[in-house]
Amino acid sequence: MTLWLTLAVNSIAFGGLLFLLSAGFSLIFGLMRIPNLMHGSFFMLGAYFGVTLLAVGANFWVAALLSAVAMAIIGGGLERLLLRRLAGQELAQVLLTLGLSFIVSDLCLMIWTGDPWQPLAPAELRSVVRAGGMIFPLYRLAVVVMAVAVAAALWFMVDWTRLGAMIRAGVDDAPIARVVGIRVSRLFTLVFALGAALAAFAGVVGAPILSVYPGLDADMLPLALIVVILGGTGSLLGALVGSFVIGFLYNFGQARFPDLAYVILFLPMLLVLVLRPQGLFGKGGA
Amino acid sequence: MMGASASRIALGVALLGLATVPLWVGNSYYVDVASQILLFAVFALALNVLVGYGGLVSLGHAGLFAVSGYTAGLMLQAGFGHAAGAAGAVLATLLASAVFAVLALRSTGIGFLMITLALGQILWGIAYRWADLTNGDNGVSISTRPAPFGISLADAPSFYYATLLVFLLALASMAAFERSPFGASLRGTRDQARRMTALGYNVWLVRFLAFLFSGFWCSIAGLLYLYNKEFISPQVSALQASAEVLLMVISGGTATLLGPIAGAAIVVIMKYVVSAYVVRWNLVLGVIFVAIISFMPEGLVPGSVRIWGFARQRWLARSPARKHVRGAPP
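Heads up: the protein sequence lines correspond to chains A and B, in order.
So the first sequence is numbered by our numbering: it starts at 1 and just counts up by one.
So the second sequence is numbered by our numbering: it starts at 1001 and just counts up by one.
Wrong hints could be hidden among the right ones.
[Claimed, not checked] Just a few of them, taken from the derived set where beta-carbon distance is under 7 Å, the chain B residues facing chain A:
{"no.": "1", "residue": "Thr1108"}
{"no.": "2", "residue": "Ala1118"}
{"no.": "3", "residue": "Gln1121"}
{"no.": "4", "residue": "Arg1129"}
{"no.": "5", "residue": "Ala1243"}
{"no.": "6", "residue": "Arg1280"}
{"no.": "7", "residue": "Phe1289"}
{"no.": "8", "residue": "Ile1293"}
{"no.": "9", "residue": "Met1296"}
{"no.": "10", "residue": "Arg1306"}
{"no.": "11", "residue": "Gly1309"}
Because the hints were derived from the structure by calculation, they are not lab data.
For glycine and all other residues, C-beta sits at the position ideal for the given N, C-alpha and C.
Using the sequences and the hints, build the whole thing.
What follows is the structure in C-alpha cells.
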C-alpha cells in the first residue's frame, strides 16, 4: 500500500516534469507543424547549464531561470538562423532538428563527460512531509506545484491575452492569420524560444530527481512525443492530461514490468493513433 | 544524358571493379569494410523504396533491421540451423513491417515519420530492456557464419562475394521494381495520391505492399549484418541507426538506384575514417546531416552539380563579354 502511494506521488511528480517538457513541444508542433526532435536536447542542455551554475554556487532557482533564458536565446537563434531558411519544408526541418540533436548530445558528452550529475534539491525543499504515517519528499510535491503553476500561466497566456489569441490563430490556420496581419513568423520564433526555455527549466527542475547523464535527451524526447500524440498537438490540456497518464504508466511500468516498461509506455499511444488519430484533445486530423 | 552503350560500359566497369575488390584491396580489414558498404547499401536501397519512391520518410527502419538480426541470432542460439534462422528472420521482419505499415500508414508526411519513430523506439526498448529475451545491452552473438551449399564464408573475401551476390540481387530487384507498374503506381501515390485514388488505385494497398517490399530487403540487410559481425546489440536499433541509414538515402539522392549506394559508401567510409581520427562520430554525423539538409537537400551528387553550376554561372556573369550565357536552371 505504501509502495503504491509512493509510486503514485512519484508518478504525479514525473507527470509534472513531463508537462513542463511537452507543453512547449506541443505548442511548437501545433504552430509550426514540426515535431522538434531536439526538444530532448533542450531539456538535457538546460539541465547541464543548471548543474554547472549550481556547481559554481548559484542559487537553485537562479540557476533554473538563467538556464531557461540561455536556452530561449539559443532556441530562438536556431529558429531564426537555421529553421527559418527551410520554411515550408517540414521534412527538412524535422531532419535538421534531428541532426542538431546529435550535435548537441555529442557536444554535451564532450563538455560534461559521461559521468552523471545529480544536484541536491534546493535546501528549503529537502525535508519530507509526513501524512497518515507516510513520508513524501517535499521536493516532488513542489515539482507538481510548479507544473500546475506553469500550466495555469500558459493557459492564461494562451486563452486570455492578445498574444495567446494570435498563437491560437496561428495554430488553427496560419495562412489566414497572416492575412489578418499577424506576423506568424515572429510568433514561430517566440514560441520556439518559449518552448526551449520551458524544456530547459524542466531539465534543471528534474535534475535532482532524474540526474543529468548522456542519453537523457534520447530518453525524454520519445516521452514528449508520446504525450503530444496522446493529448493532441497544440492542445495544452491534452499535454497536461497526457503527461500525467504517461507519468503513471512510466513509473508503474518500471516498478511492475521493468522488462516491458517501454512497450507499456507506447501502447496507449498506439491505441490512440488507431482509434483517435488526432489525439484525445486534438482538433481535426493531424 | 549518357548513351545506352556508354552506360552499359560504365556498368561493366563498375561490376568488374566490385568483383575484384578483394584482389586489389588485399588487406582483409578493408575487404570487410567493403562488405559493410554493400550490406548497408542493401539497407539504404530498402529504405529508399519508401523515402524516394513513396515519399514516406521512416525513422524506424533500424528497428526492422534489428528484428531480423535478433530473430536469426536468437534462433541460432536456441539451436536452430542457419536455414531456419534466416527464414524465421525474414518472416518476423515481414510481420513487423506489416504492423509498422498498418499503424504508420494511417498518416503520411510528419505523422508517418513520428509513428515510425515511436515504433522504432519500442523495438529499441525491447532489445535494450527485455533482457530475458534479448540479453539486453550485452547483445546476442552467434558462433558461426552460415555456409550455403557447403561454401565457408568465414574469411573476408568469401563473405564479400556472398554479400556482393546478395547486393546485386537487391539492385536487380530495385531496378525491376522501378520499371514495373507497381513502381510507377507507388510514385503516383507519392506525387498525386488523390488522382491515383480517382483512377481506381488503392493508394493504401500500394503503400502497404511497398512497405513490405522495403521490409523484406531490410531483413536481408539485417541478416547480412548479423553474419558479418557475428554479433548484434541494441545500438543497431537506436534512433541514431535509423538516422544514419536515412542520411545514406538522402545524401546520395533519393528515388535513384545509385544514390543510396553512393550514400552508403560515403557514410560507411566516413564513419571508418572519422572514427580513426576522432571519437566524435555522432557529432560529425549531425554536422553532415545539417549541412546536407541546409545546402543540398536534393542529395550530394545532384547538389554538388547544382552548386558547381551556380558558381560557374556567377563567374561567367562577372565577365561582361559572356553575359548572354546566363539563364541556366535556377
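These are the hints, each one checked on the structure:
1. Thr1108: violated, 10 Å
2. Ala1118: holds, 6 Å
3. Gln1121: holds, 5 Å
4. Arg1129: Constraint on arginine 1129 of chain B satisfied, holds at 6 Å.
5. Ala1243: Nearest chain A Cβ about 6 Å off; hint holds.
6. Arg1280: Since the shortest Cβ distance to chain A is 5 Å, the answer is holds.
7. Phe1289: holds, 3 Å
8. Ile1293: Isoleucine 1293 of chain B check passes; min Cβ-Cβ to chain A is 5 Å, inside 7 Å.
9. Met1296: violated, 11 Å
10. Arg1306: violated, 16 Å
11. Gly1309: violated, 20 Å
Of the numbered hints stated above, those contradicted by the structure are hints 1, 9, 10 and 11, listed in ascending order.
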